[in-house]
Amino acid sequence: MTRKFLLLLFAIIVLSGCVNKEDLTIRVAIAGPMTGDQAKMGMDFRNGVTLAVDEWNARGGVLGKKIELIIGDDQRDPKQAVSVANKFVTQGVKGVIGHFNSSCSIPASDVYNRAGIPMITPASTNPELTEKGYPGVFRVCGRDDQQGKVAADFVITQLKLKKIAVIHDKTTYGQGLAGEFKKFVGDKAEIVYYSGIVQGDKDFKTVLISIREKKPELIFFGGIYPEGGLLVKQAREVGMTVPFMSGDGVIDPKFVEIAGAEPAEGTYLTFSPDPNSIPTAKAFIEQYTEKFGELGPYSIYAYDAANIMLKAIEAAGTTEGKTVMDRLHSMEFSGALGSIKFDGKGDVTVAPYVIWVTTGGKFVEYWKP
Numbered sequence: 002m003t004r005k006f007l008l009l010l011f012a013i014i015v016l017s018g019c020v021n022k023e024d025l026t027i028r029v030a031i032a033g034p035m036t037g038d039q040a041k042m043g044m045d046f047r048n049g050v051t052l053a054v055d056e057w058n059a060r061g062g063v064l065g066k067k068i069e070l071i072i073g074d075d076q077r078d079p080k081q082a083v084s085v086a087n088k089f090v091t092q093g094v095k096g097v098i099g100h101f102n103s104s105c106s107i108p109a110s111d112v113y114n115r116a117g118i119p120m121i122t123p124a125s126t127n128p129e130l131t132e133k134g135y136p137g138v139f140r141v142c143g144r145d146d147q148q149g150k151v152a153a154d155f156v157i158t159q160l161k162l163k164k165i166a167v168i169h170d171k172t173t174y175g176q177g178l179a180g181e182f183k184k185f186v187g188d189k190a191e192i193v194y195y196s197g198i199v200q201g202d203k204d205f206k207t208v209l210i211s212i213r214e215k216k217p218e219l220i221f222f223g224g225i226y227p228e229g230g231l232l233v234k235q236a237r238e239v240g241m242t243v244p245f246m247s248g249d250g251v252i253d254p255k256f257v258e259i260a261g262a263e264p265a266e267g268t269y270l271t272f273s274p275d276p277n278s279i280p281t282a283k284a285f286i287e288q289y290t291e292k293f294g295e296l297g298p299y300s301i302y303a304y305d306a307a308n309i310m311l312k313a314i315e316a317a318g319t320t321e322g323k324t325v326m327d328r329l330h331s332m333e334f335s336g337a338l339g340s341i342k343f344d345g346k347g348d349v350t351v352a353p354y355v356i357w358v359t360t361g362g363k364f365v366e367y368w369k370p
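Position in the sequence shown (from 1) plus 1 gives the number in this note's numbering.
Certain hints may be false.
To be verified - Label-pair distances were calculated between CB atoms; the ranges are:
no., residue 1, residue 2, range
1, Tyr195, Thr158, 18 to 26 angstroms
2, Tyr195, Arg115, 31 to 39 angstroms
3, Lys163, Ala59, 55 to 63 angstroms
4, Ser335, Gly261, 36 to 44 angstroms
5, Gly65, Tyr367, 47 to 55 angstroms
6, Lys66, Gly201, 36 to 44 angstroms
7, Lys203, Gly117, 41 to 49 angstroms
8, Glu315, Ala352, 23 to 31 angstroms
9, Gln92, Glu132, 22 to 30 angstroms
10, Gly362, Thr207, 27 to 35 angstroms
11, Pro353, Glu129, 19 to 27 angstroms
12, Glu129, Ala316, 26 to 34 angstroms
As the list claims (entries may be wrong) - Mimicking EDC-like on lysine to aspartate or glutamate, the simulated pairs with C-alpha atoms at most 16 angstroms apart in a straight line are:
no., residue 1, residue 2
13, Lys184, Asp154
14, Lys133, Asp344
15, Lys161, Glu191
16, Lys66, Asp55
17, Lys234, Asp204
18, Lys183, Asp146
19, Lys171, Asp202
20, Lys164, Asp188
21, Lys163, Asp188
22, Lys163, Glu218
23, Lys164, Glu214
24, Lys346, Asp146
25, Lys41, Asp74
It should be emphasised that the hints constitute simulated quantities derived from the structure, not laboratory data. Ideal Cβ placement from N, Cα and C applies to all residues, glycine included.
Please take these sequences and the hints and turn them into a complete structure.
Have a look at this one:
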């Protein structure tokens with residue numbers, strides 16, 4: 002009798018040791034550029050998602066389990082993004098918040114689609130991402146065909162400019178945004194220059210001198226803040242004083258730090274409205290700044306994306322991918338940004354873009370369409 006009891010006890014101990022950690026938690030991942038020249042954006046992502054996960058875990062988690070946050074560094078490289086996505090699959094991740102760059106989100110979405118894992122990007126704006134028709138791909142930000150139109154409308158109707166130079170960084174995001182801007186400008190103004198630079202390069206003076214000879218009234222840039230800041234700084238160094246304009250990849254304090262406050266003065270940018278003017282964002286802003294300090298441009302998007310994913314899992318009553326995706330498509334979510342609902346493609350039904358301007362080293366809302 003004693004021998005049988007000891008054998009049973011031994012079996013229980015052995016079996017309990019075989020329980021995987023993932024069986025005791027629900028794994029949710031975040032992916033973005035956690036290192037390199039865009040690490041600031043990655044940290045903003047990470048902080049926003051961390052705040053959401055901490056709040057859920059303080060309330061007991063989801064479906065009776067604590068949430069385990071897995072971090073993936075795609076280094077803004079498409080190949081690395083695919084590697085990160087495949088690793089998430091083997092780690093048993095049930096939902097992904099990311100990626101930041103469209104050039105990373107698009108190839109990674111192929112992996113998540115095959116694995117049946119839903120993804121919500123807080124920042125990838127290239128239309129191709131949701132035009133592929135994958136049922137598990139969502140974004141809480143707008144699209145480049147939306148912000149490109151707002152930028153073009155502002156330049157034509159408000160600034161009333163007739164000669165524009167357009168530069169892009171040859172990435173999916175940058176070239177896509179530049180192309181949308183050019184398309185919506187149409188024949189209302191002359192595009193006197195349209196070409197790309199290489200992301201990661203540091204010296205753009207040769208390009209800028211070529212642009213200077215075309216005598217544009219504005220330079221539009223499709224890309225991210227590391228190159229955007231250098232372009233503005235070096236444009237002033239070669240004697241160009243025309244306004245600079247870009248999109249949501251540049252609106253970060255790092256842009257001003259790289260360009261310098263004086264060269265950056267008067268830069269126009271497309272982005273969503275100031276979170277400080279959104280009543281539903283008040284509690285988030287207070288909690289975020291208390292825990293992490295200065296609010297990053299995409300922190301609130303990452304926070305809402307994480308909450309939406311977890312609310313969908315909770316409502317589904319399971320982590321099974323298709324069921325969670327169905328919930329994401331059918332539910333309306335109340336977040337820090339306000340009410341969020343996805344259309345059939347996974348895009349938000351409302352994506353309000355406005356024009357910001359850089360003044361005194363800060364970003365200020367300037368014009369609403």
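Hints, verified against the model:
1. Tyr195 x Thr158: 18 to 26 angstroms: 21 angstroms, holds
2. Tyr195 x Arg115: 31 to 39 angstroms: 36 angstroms, holds
3. Lys163 x Ala59: 55 to 63 angstroms: Holds, since Lys163 and Ala59 (Cβ atoms, about 56 angstroms apart) stay within the stated range.
4. Ser335 x Gly261: 36 to 44 angstroms: Holds, since Ser335 and Gly261 (Cβ atoms, about 41 angstroms apart) stay within the stated range.
5. Gly65 x Tyr367: 47 to 55 angstroms: Roughly 48 angstroms apart at Cβ, these two residues keep to the hinted range, so it holds.
6. Lys66 x Gly201: 36 to 44 angstroms: 41 angstroms, holds
7. Lys203 x Gly117: 41 to 49 angstroms: 42 angstroms, holds
8. Glu315 x Ala352: 23 to 31 angstroms: Since the Cβ atoms of Glu315 and Ala352 sit about 25 angstroms apart, the hinted range of 23 to 31 angstroms holds.
9. Gln92 x Glu132: 22 to 30 angstroms: 29 angstroms, holds
10. Gly362 x Thr207: 27 to 35 angstroms: 28 angstroms, holds
11. Pro353 x Glu129: 19 to 27 angstroms: Since Pro353 and Glu129 have Cβ atoms about 22 angstroms apart, the given range 19 to 27 angstroms holds.
12. Glu129 x Ala316: 26 to 34 angstroms: 29 angstroms, holds
13. Lys184 x Asp154: Roughly 11 angstroms separates the two Cα atoms, so the pair holds.
14. Lys133 x Asp344: 14 angstroms, holds
15. Lys161 x Glu191: Given pair Lys161, Glu191 holds - Cα atoms ~12 angstroms apart, limit 16 angstroms.
16. Lys66 x Asp55: 13 angstroms, holds
17. Lys234 x Asp204: OK: Lys234 and Asp204 at ~10 angstroms, within 16 angstroms.
18. Lys183 x Asp146: 11 angstroms, holds
19. Lys171 x Asp202: 12 angstroms, holds
20. Lys164 x Asp188: 11 angstroms, holds
21. Lys163 x Asp188: 10 angstroms, holds
22. Lys163 x Glu218: Holds, at roughly 7 angstroms.
23. Lys164 x Glu214: 12 angstroms, holds
24. Lys346 x Asp146: Holds - the C-alpha atoms of Asp146 and Lys346 are around 15 angstroms apart, at most 16 angstroms.
25. Lys41 x Asp74: 12 angstroms, holds
The structure meets every hint from the earlier list without exception.
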